[in-house]
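Which chain is which? The protein sequence lines are A and B, in order. Those letters in the first sequence? Residues 1 to 348, by the numbering used here. Those letters in the second sequence? Residues 349 to 719, by the numbering used here.
Take these hints with a grain of salt, some might be off.
SDA-like mimics (lysine to any residue), calculated; alpha carbons at most 25 Å apart, straight line [claimed, not checked]: (1) Lys-604/B - Arg-309/A; (2) Lys-651/B - Thr-129/A; (3) Lys-106/A - Pro-484/B; (4) Lys-72/A - Leu-398/B; (5) Lys-717/B - Gln-678/B; (6) Lys-662/B - Gln-686/B; (7) Lys-634/B - Pro-654/B; (8) Lys-496/B - Gln-160/A; (9) Lys-106/A - Leu-712/B; (10) Lys-420/B - Tyr-115/A; (11) Lys-496/B - Gly-247/A; (12) Lys-474/B - Gln-343/A; (13) Lys-496/B - Asn-509/B; (14) Lys-446/B - Lys-72/A; (15) Lys-662/B - Tyr-115/A.
No lab work stands behind these hints, which were simulated from the structure alone.
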Amino acid sequence: MSFRGGTAPIRKIKNHPGLLHFCFLIFLNLVGGGYETLSAAPAQTAMAVRSFQDFVVVVPGEGDTFSSLAAKYLKDPSWDWYIAEFNGVDSPKVGQPLVVPLKPEKRGGITLQGYQTVPVLAYHNFSATEAGKLTVTQAMFEQQMRFLQEAGYRVITLDQLFDFLEFRGSIPPKSVVITIDDGWLPAYEIAFPILKKYGYPAAFFVYTDIIGKSSKTLSWELLGKIADEGMDVQCHTKSHRNLTVPGEKESFRDYFENLGAELSGCKDTIKKRLNREVKYLAYPYGATNSLVVETAKKLGYRGALTIMRGGNPFFIHNFRVNRSEIHGDFGLSRFERNLAVFQEQNLR
Amino acid sequence: MKSPLFRVQISILTFLAAAFSGGCATLPERPQAPASSPGSEVKREARDPLLALAESWRFKARELENTGDLPKALQVLQIVKTLSPEDLESGTRIAELKNQISAAAERHFQKGLALFRNHSLALARKEFLAAIYLKPDHAGALHFLKEKLPGEDFLSYEMKNGETLRQVSQKIYGDPQKDFIIAYFNGLKGDGPIDFPRSLKIPLLSPAPQKGFSAPAKGVVSPEYDKPPEIQAGLEKARGAYREHLYEESAALTEKILNADPTNREARELLNAAYYQWGKQLGQEKRYREAMEAFQRVDSGYKDTPVQIAQNRKEMAEVHYINGVKLFTQEEVEEAIQEWEAALTLEPKHPKAKKDIESARNLLQKLEKIK
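Given these sequences and hints, build the entire structure.
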């Protein structure tokens, strides 16, 4: 039998993907043994599966998506991008076999054309209507979050980011991190509901001295609610002082002791009030130096973030992670300029 | 863009359909045992969808090899081999590819090491990246990428027999009383006994530990002070432009350096300084909007950047206000209102704009009534 001789049946079968699917299932039944799961009937969402040690071969049925395949075989729907990328197709097609590697890996997001970078967005305050340099309006924040969704960005957690930076874990190609600094009440009243609506995790970097101290700031109760909803609560120091500059009347020894207190005090307070481990630090004013970095490391932080604009390749210093501040007067195009996710470099 | 696999997926379908073309209404024949003749082999393959899949992925592996993407080619070929265990050719190619990949990774790594020693850090990074792409578990390449290239925040110091922490502190920091820092980071007590020889990790202090400290002391390794020649040259050029008050040029040169070396702290600092000074220069030239844009490029923690932005915004608002007044005197009332509104947008508490807008609108209403 030649390909040419088979063209007429092909035309018929192509018009009936369900039929093609059914035939493939029957063939899998007949050809090999030891199939882990095998659908015997041409049910619309059924999937033929042949499992091997490192991958499975699946034939998607009606309604299957990369996300559903990833959920089923990789136990995590967010790995959908990997199945798509590995098979080089934009969407699963009924009856078209796919290979799903069971140990997906793309550490560092490196390709022969360059490497992945992860933007980390830094917000500070929000307002219903009035924008300021560090205050973003509700409408603008909603627009920015919608833009992320529509443009196919994936919002990841700080843990995922640092797994990526430490070359341990892989993340989707268009990953982005959202952070909110300080601890102002509108972060809960305005930003939090929008983040929840889009299902985005975010890291709230608070300086503990202001929590619960005014009607304009977050309380520990609200922070607890935020954390219970899957958001990160992390350190922005105790008092928001510039960690790199000794006070005018501060001896160097006092400065060094106070530096330690700023970093450990914040960490301990969050642990005590929310019973959550703190691993990350956002430097007030983004200011850091070698002494601050080494002190933060010594006190058990996993990493820290500046406000240096730019994305983060996996080889960025864990304690000098770049963050791009989003200002209240940013239009969408300016916002988008802070979302670079790939740096070209020919690695051949 | 579709991958090579996508292009061959039509052929998979074709292949499968060809296999089914005996008629799906009736059950197909069970595949026969491999026959010795080539014709029988073709027939057997045509009936086995897994082998058809293997064939398409074999094609993909070849394409990947042709583009030089050896790790992906290997991964794909391993799938082929699993789908088609009797495929001896793939088995042989897998072994060859593994050797080829290991050798190429090592070549890139060694090249990277040589470049690193020559202080060509950006080029070294490229080689280490290539090595780690080929072999993601290449510990050496990862170490250089993550630890060595970004620069370390501490000095390594070998204490000599009998040396005290105060002496080391004097030597490194120019201040014996900072010995408590060395003790803290090395788990020592300032006046406690020390077992020799002893390696110390000593955090760098900012600004430079000692006045005129331009090179590390003997026995001290400090990558902080090593810069690759091309970065060094670029930085020097950018610094030169800065010294000559050519701040825009300095910023552009520094941005280029940061594109090649995103972790270069010195370039970051220079970029902030250049945009800051450029903003001030533009402000003095009364180019307030451009000044604001320049200051927006500066990290907000840098000097009094927020104050400068506010100042320029205020000046810009004043320009709009005065434009409005001029237009008003020329009886261009609507245009005057637009200017005053622009002033109010920039400076919501502008002392006169709001009042003048109200007066102008009243005037327009009256004129409308007269008409």
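Consistency of the hints with the structure:
As the CA atoms of Lys-604/B and Arg-309/A are separated by approximately 14 Å, the hinted pair is consistent with the 25 Å bound. The suggested pairing of Lys-651/B with Thr-129/A is violated, with an alpha-carbon distance near 29 Å, which exceeds 25 Å. With a CA separation close to 9 Å, the supplied pair Lys-106/A and Pro-484/B stays within the 25 Å bound. A distance of roughly 21 Å separates the Cα atoms of Lys-72/A and Leu-398/B; the hinted pair therefore holds under the 25 Å criterion.
For a cut-off of 25 Å, the pair hint linking Lys-717/B to Gln-678/B stands: about 21 Å separates their Cα positions. With a C-alpha separation of about 17 Å, the suggested pair Lys-662/B and Gln-686/B falls inside the 25 Å cut-off, and the hint holds. Distance restraint check for Lys-634/B and Pro-654/B: the Cα-Cα separation of roughly 18 Å lies within the 25 Å cut-off, and the hinted pair is therefore satisfied. Only pairs whose Cα atoms come within 25 Å are accepted, and Lys-496/B paired with Gln-160/A is accepted, the gap being roughly 23 Å.
Taking the CA atoms of Lys-106/A and Leu-712/B, the gap is near 66 Å; set against the 25 Å cutoff, the hint is violated. Using a Cα cut-off of 25 Å, the hinted pair Lys-420/B and Tyr-115/A holds, with the two alpha carbons roughly 16 Å apart. Among the hinted pairs, Lys-496/B with Gly-247/A is inconsistent with the structure: their alpha-carbon atoms are about 33 Å apart, more than 25 Å. Only pairs whose Cα atoms come within 25 Å are accepted, and Lys-474/B paired with Gln-343/A is accepted, the gap being roughly 12 Å.
For the hint linking Lys-496/B to Asn-509/B, the alpha-carbon distance of about 29 Å lies beyond 25 Å, and the restraint is violated. This hinted pair does not check out: Lys-446/B and Lys-72/A have alpha carbons roughly 31 Å apart, beyond 25 Å. Restraint check: the Cα-Cα separation between Lys-662/B and Tyr-115/A comes to about 43 Å, which exceeds 25 Å; the hinted pair is violated.
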